[in-house]
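With these hints in hand, go ahead and build the complete structure from the sequences.
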Amino acid sequence: DAGVIQSPRHEVTEMGQEVTLRCKPISGHDYLFWYRQTMMRGLELLIYFNNNVPIDDSGMPEDRFSAKMPNASFSTLKIQPSEPRDSAVYFCASSAGGGGTQYFGPGTRLLVL
Amino acid sequence: QKEVEQNSGPLSVPEGAIASLNCTYSDRGSQSFFWYRQYSGKSPELIMSIYSNGDKEDGRFTAQLNKASQYVSLLIRDSQPSDSATYLCAVKEGYSTLTFGKGTMLLVSP
Numbered sequence: 019d020a021g022v023i024q025s026p027r028h029e030v031t032e033m034g035q036e037v038t039l040r041c042k043p044i045s046g047h048d049y050l051f052w053y054r055q056t057m058m059r060g061l062e063l064l065i066y067f068n069n070n071v072p073i074d075d076s077g078m079p080e081d082r083f084s085a086k087m088p089n090a091s092f093s094t095l096k097i098q099p100s101e102p103r104d105s106a107v108y109f110c111a112s113s114a115g116g117g118g119t120q121y122f123g124p125g126t127r128l129l130v131l
Numbered sequence: 002q003k004e005v006e007q008n009s010g011p012l013s014v015p016e017g018a019i020a021s022l023n024c025t026y027s028d029r030g031s032q033s034f035f036w037y038r039q040y041s042g043k044s045p046e047l048i049m050s051i052y053s054n055g056d057k058e059d060g061r062f063t064a065q066l067n068k069a070s071q072y073v074s075l076l077i078r079d080s081q082p083s084d085s086a087t088y089l090c091a092v093k094e095g096y097s098t099l100t101f102g103k104g105t106m107l108l109v110s111p
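For the protein sequence lines, the chains are E and G, in the order given. Take the first sequence: its letter number 13 is residue 31 in this note's numbering, and every next letter is one higher. Take the second sequence: its letter number 13 is residue 14 in this note's numbering, and every next letter is one higher.
If you're looking for bench data, these hints aren't it; they were derived computationally from the structure. Possibly wrong hints are sitting among the right ones.
[Unchecked claim] Simulated DEER-style distance windows between Cβ atoms:
{"id": "1", "chain 1": "G", "residue 1": "Gly42", "chain 2": "E", "residue 2": "Asp81", "range": "25 to 35 Å"}
{"id": "2", "chain 1": "G", "residue 1": "Gly42", "chain 2": "E", "residue 2": "Glu101", "range": "41 to 51 Å"}
{"id": "3", "chain 1": "G", "residue 1": "Glu58", "chain 2": "E", "residue 2": "Ser84", "range": "23 to 33 Å"}
{"id": "4", "chain 1": "E", "residue 1": "Asn89", "chain 2": "G", "residue 2": "Gly17", "range": "46 to 56 Å"}
{"id": "5", "chain 1": "E", "residue 1": "Arg103", "chain 2": "G", "residue 2": "Tyr52", "range": "33 to 43 Å"}
{"id": "6", "chain 1": "G", "residue 1": "Ser13", "chain 2": "E", "residue 2": "Arg127", "range": "38 to 48 Å"}
{"id": "7", "chain 1": "G", "residue 1": "Leu108", "chain 2": "E", "residue 2": "Pro102", "range": "26 to 36 Å"}
{"id": "8", "chain 1": "E", "residue 1": "Pro102", "chain 2": "G", "residue 2": "Lys43", "range": "18 to 28 Å"}
{"id": "9", "chain 1": "G", "residue 1": "Lys43", "chain 2": "E", "residue 2": "Thr38", "range": "17 to 27 Å"}
{"id": "10", "chain 1": "E", "residue 1": "Ile73", "chain 2": "G", "residue 2": "Tyr52", "range": "19 to 29 Å"}
{"id": "11", "chain 1": "E", "residue 1": "Asp81", "chain 2": "G", "residue 2": "Asn54", "range": "41 to 51 Å"}
[Said to hold, decoys possible] Below, computed lysine-lysine pairings styled on DSS-like, alpha-carbon distance capped at 30 Å:
{"id": "12", "chain 1": "G", "residue 1": "Lys3", "chain 2": "G", "residue 2": "Lys43"}
{"id": "13", "chain 1": "G", "residue 1": "Lys103", "chain 2": "E", "residue 2": "Lys86"}
{"id": "14", "chain 1": "E", "residue 1": "Lys86", "chain 2": "G", "residue 2": "Lys3"}
{"id": "15", "chain 1": "E", "residue 1": "Lys42", "chain 2": "E", "residue 2": "Lys86"}
{"id": "16", "chain 1": "G", "residue 1": "Lys103", "chain 2": "E", "residue 2": "Lys42"}
{"id": "17", "chain 1": "G", "residue 1": "Lys103", "chain 2": "G", "residue 2": "Lys43"}
{"id": "18", "chain 1": "E", "residue 1": "Lys96", "chain 2": "G", "residue 2": "Lys43"}
{"id": "19", "chain 1": "E", "residue 1": "Lys96", "chain 2": "G", "residue 2": "Lys103"}
{"id": "20", "chain 1": "G", "residue 1": "Lys43", "chain 2": "E", "residue 2": "Lys42"}
{"id": "21", "chain 1": "G", "residue 1": "Lys3", "chain 2": "E", "residue 2": "Lys96"}
Fair warning: this is a prediction, and the values are worked out from it, not measured in the lab. Ideal placement from N, C-alpha and C gives every residue a C-beta, glycine not left out.
Structure below.
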């Protein structure tokens with residue numbers, strides 16, 4: 019298996035622009051997680067899905083953030099409008115079952131100028 | 002608010018020594034405990050999980066859990082320069098989500 023796939027790997031944008039991050043989970047995994055990692059706050063869970071349904075979005079920092087999972091093989095995390103404080107590495111992870119090992123994608127390094 | 006605390010380090014050890022990484026957690030209901038390794042610029046990868054009090058060994062790695070003290074540790078024997086990375090402790094209660102610590106940076110010098 020190719021593992022969790024994320025795109026783009028790097029994104030540089032200007033404040034106010036819309037940013038869309040993409041994730042393809044491991045085939046057969048029914049849980050998908052979006053995390054954000056910064057030096058100050060570490061690795062934080064933003065939202066997770068089970069069978070394409072959002073289960074807990076309490077980690078989403080603001081209404082500027084939204085996530086969708088239209089099917090079992092694709093999810094997006096959108097930031098609109100983006101701000102410099104959104105600069106971070108965004109990871110997508112997937113697992114087989116809620117208790118299964120979470121496998122992380124390579125991450126998207128976002129810089130908002 | 003569930004909290005997982007780790008010393009940020011860096012923890013520096015010479016090659017061949019034992020590296021000891023520690024983690025404390027606040028939620029007494031936590032049932033599952035994990036150690037992830039993250040190389041610089043890479044994503045976290047699971048290296049150990051432990052669910053019961055005591056020790057669990059896997060090759061050069063030993064995870065230790067003490068639920069009464071809310072303490073989990075990772076020992077790396079015969080440390081190698083390739084072990085230099087940030088080690089993230091994570092805890093889970095039941096089927097809930099993982100809560101991660103900020104990680105401890107380990108540096109193994111040749």
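Right, here's what the structure says about each hint:
1. The hinted range of 25 to 35 Å is satisfied by Gly42 of chain G and Asp81 of chain E, whose Cβ atoms lie roughly 31 Å apart.
2. For Gly42 of chain G and Glu101 of chain E, the hinted distance range of 41 to 51 Å is not satisfied, since their beta carbons lie about 24 Å from each other.
3. Between Glu58 of chain G and Ser84 of chain E, the C-beta spacing of about 44 Å breaks the proposed range 23 to 33 Å.
4. A hinted range of 46 to 56 Å for the beta carbons of Asn89 of chain E and Gly17 of chain G is consistent with their spacing of about 50 Å.
5. Here the CB-CB span from Arg103 of chain E to Tyr52 of chain G is close to 37 Å, well matched to the stated 33 to 43 Å.
6. For the pair Ser13 of chain G and Arg127 of chain E, the beta carbons lie near 27 Å from each other, so the given range of 38 to 48 Å is not met.
7. Between Leu108 of chain G and Pro102 of chain E the beta carbon distance is about 31 Å. The supplied range of 26 to 36 Å therefore holds.
8. Between Pro102 of chain E and Lys43 of chain G the beta carbon distance is about 25 Å. The supplied range of 18 to 28 Å therefore holds.
9. Evaluation of the 17 to 27 Å hint for Lys43 of chain G and Thr38 of chain E yields a pass: the beta carbon distance comes to about 23 Å.
10. Distance hint for Ile73 of chain E and Tyr52 of chain G: a CB-CB separation of about 23 Å, consistent with the stated range 19 to 29 Å.
11. Checked against the hint of 41 to 51 Å, the C-beta distance between Asp81 of chain E and Asn54 of chain G comes to roughly 43 Å, which is consistent with it.
12. With a C-alpha separation of about 26 Å, the suggested pairing of Lys3 of chain G with Lys43 of chain G holds against the 30 Å cut-off.
13. The suggested pairing of Lys103 of chain G with Lys86 of chain E holds, with an alpha-carbon distance near 27 Å, which does not exceed 30 Å.
14. Between Lys86 of chain E and Lys3 of chain G the alpha-carbon distance is near 26 Å, which keeps this suggested pair within the 30 Å criterion.
15. Of the supplied pair hints, the one linking Lys42 of chain E and Lys86 of chain E holds, its CA atoms being roughly 12 Å apart against a limit of 30 Å.
16. For the given pair, Lys103 of chain G sits about 26 Å from Lys42 of chain E by alpha-carbon distance, which is consistent with the 30 Å threshold.
17. Of the pairs offered as hints, the one joining Lys103 of chain G and Lys43 of chain G holds, with about 15 Å between alpha carbons and a cut-off of 30 Å not exceeded.
18. With a CA separation close to 22 Å, the supplied pair Lys96 of chain E and Lys43 of chain G stays within the 30 Å bound.
19. Restraint check: the Cα-Cα separation between Lys96 of chain E and Lys103 of chain G comes to about 25 Å, which is no more than 30 Å; the hinted pair holds.
20. A hinted pair counts as satisfied when its Cα atoms are at most 30 Å apart, and Lys43 of chain G with Lys42 of chain E qualifies at roughly 18 Å.
21. The straight-line distance between the Cα atoms of Lys3 of chain G and Lys96 of chain E is roughly 27 Å, inside the 30 Å bound, and the hint therefore holds.
Against the hints set out earlier in the document, violations occur for numbers 2, 3, 6.
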